[in-house]
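Trainee: Okay, here's what each chain looks like letter by letter:
2 protein chains.
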Amino acid sequence: MSNSKRAVVLLSGGLDSATVLAIAKSEGYECYALSFDYGQRHQFELQAAEKLCQKFDVQKHVTIEIDLRKFGGSALTEEIEVPKDRDEEVMATGIPITYVPARNTVFLSIALGWAEVLGAFDLFIGVNAVDYSGYPDCRPEFIQQFTKLANLATKAGVDGSGEFNIHTPLIDLTKAQIIQRGITLGVDYSQTHSCYDPNEAGISCGHCDACQLRQRGFENAGLTDPIEYQT
Amino acid sequence: MSNSKRAVVLLSGGLDSATVLAIAKSEGYECYALSFDYGQRHQFELQAAEKLCQKFDVQKHVTIEIDLRKFGGSALTEEIEVPKDRDEEVMATGIPITYVPARNTVFLSIALGWAEVLGAFDLFIGVNAVDYSGYPDCRPEFIQQFTKLANLATKAGVDGSGEFNIHTPLIDLTKAQIIQRGITLGVDYSQTHSCYDPNEAGISCGHCDACQLRQRGFENAGLTDPIEYQT
Numbered sequence: 001m002s003n004s005k006r007a008v009v010l011l012s013g014g015l016d017s018a019t020v021l022a023i024a025k026s027e028g029y030e031c032y033a034l035s036f037d038y039g040q041r042h043q044f045e046l047q048a049a050e051k052l053c054q055k056f057d058v059q060k061h062v063t064i065e066i067d068l069r070k071f072g073g074s075a076l077t078e079e080i081e082v083p084k085d086r087d088e089e090v091m092a093t094g095i096p097i098t099y100v101p102a103r104n105t106v107f108l109s110i111a112l113g114w115a116e117v118l119g120a121f122d123l124f125i126g127v128n129a130v131d132y133s134g135y136p137d138c139r140p141e142f143i144q145q146f147t148k149l150a151n152l153a154t155k156a157g158v159d160g161s162g163e164f165n166i167h168t169p170l171i172d173l174t175k176a177q178i179i180q181r182g183i184t185l186g187v188d189y190s191q192t193h194s195c196y197d198p199n200e201a202g203i204s205c206g207h208c209d210a211c212q213l214r215q216r217g218f219e220n221a222g223l224t225d226p227i228e229y230q231t
Numbered sequence: 232m233s234n235s236k237r238a239v240v241l242l243s244g245g246l247d248s249a250t251v252l253a254i255a256k257s258e259g260y261e262c263y264a265l266s267f268d269y270g271q272r273h274q275f276e277l278q279a280a281e282k283l284c285q286k287f288d289v290q291k292h293v294t295i296e297i298d299l300r301k302f303g304g305s306a307l308t309e310e311i312e313v314p315k316d317r318d319e320e321v322m323a324t325g326i327p328i329t330y331v332p333a334r335n336t337v338f339l340s341i342a343l344g345w346a347e348v349l350g351a352f353d354l355f356i357g358v359n360a361v362d363y364s365g366y367p368d369c370r371p372e373f374i375q376q377f378t379k380l381a382n383l384a385t386k387a388g389v390d391g392s393g394e395f396n397i398h399t400p401l402i403d404l405t406k407a408q409i410i411q412r413g414i415t416l417g418v419d420y421s422q423t424h425s426c427y428d429p430n431e432a433g434i435s436c437g438h439c440d441a442c443q444l445r446q447r448g449f450e451n452a453g454l455t456d457p458i459e460y461q462t
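Sequences listed follow chains F and S, in order.
Going by my numbering, the letters in the first sequence line up with residues 1 to 231, in that order.
Going by my numbering, the letters in the second sequence line up with residues 232 to 462, in that order.
Quick caveat, the hints were computed from the structure, so don't treat them as lab data.
We put the beta carbon where it would ideally sit given N, CA and C, even for glycine.
One or more of the hints may lead you astray.
Incomplete in silico selection of chain F near chain S, CB under 8 Å [stated by the list, open to error]:
| no. | residue |
| --- | --- |
| 1 | F56 |
| 2 | D57 |
| 3 | R69 |
| 4 | V106 |
| 5 | L149 |
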């Protein structure tokens, strides 16, 4: 049942998860990419995810639909205005309104289910504790706790056939470092989508937290962001 | 944000979760019932859940669709034959083919997301370590670990505004004791559905593990199961 070179990679289609996919691939994993359609505004991420899967030759790409709008509670899934042009300091404090309740817990749980079916014990997720310090489920202690849970929640936890490992290769990197790493590994960032509030054509707003962090990342890396922004 | 009398109750529409709903209600909780349509064969459970919500006057009932068939790996979601007429001893050993990978982890994670939106800190789940000893995610240590995770994964874990509690009132009860408890609390078990493999009219098979445990439970409780079985 165990297949140590299979990995489930959470792939939103954003800059971070694109880099994570490239890292998993570079480490020799046979990648199974998992995306979620959870009623998010930025559906363009899903199209980006599809392109990345082709590029990085993933074994299988599954998109799970799960309508978290039924609960409400986040600007990403409800008709609440996405905050724009916030200071970096403001962004770094408190929990952003764009936080989706228990999102990473839900995503990792579903990834765990797939891993169990595949006989895979490696999960990859692009959480980052630098830029998103306000998200409780991006912290290292959350990941450690989820790993413990994974090893209790599954067949492997009962029969000892393997041990789950949650890989978070970006957790301590700045956005600029993530971009530099990705470019080394052949990520074409023009194929990624980050904006929380794109227009109907999918063009990024340039002003939401995600756009600002992305733009600043390219700037700090001394590079030009290859995607188009609304003028 | 905290509302200590709100609870999210996982409600499949089966005998166990119906009893859990009655218990939560009897303890004074304002109940928010959560069901899942995960491509299971026993869709009749969902209809049963709806009836139970009316009976127990739940505040809101949400059914989340999540297509776990995309992963495969279980007789409940794939076209694998549901095992019939198994000995109690066989049932109690090993992990049954009807196990859905990481199911309770996924369900509890989504319940946690809703609880966070509601400002609720109490979750109720009908896991049972007596009859389903083969399911890794029905064990007390799994529940303890999930509780720790919940308190790290959420806003409350960051701002200390509350502490999550996962209630498992059935965990140490036999099926007969569950039924007796439910009857005391007014559960009408004719409104519940347990069978893994009902016919097209929703009539239970009487031979799958769920039917057998149910029938034995009523027998041991000295009661008659009010539902109909295929002859």
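Trainee: Next step is simple, just say for each hint if it's right about the structure.
Mentor: Do the hints match the structure? See the list:
| no. | hint | in the structure |
| --- | --- | --- |
| 1 | F56 | 20 Å, violated |
| 2 | D57 | 20 Å, violated |
| 3 | R69 | 10 Å, violated |
| 4 | V106 | 4 Å, holds |
| 5 | L149 | 5 Å, holds |
Of the numbered hints stated above, those contradicted by the structure are hints 1, 2, 3, listed in ascending order.
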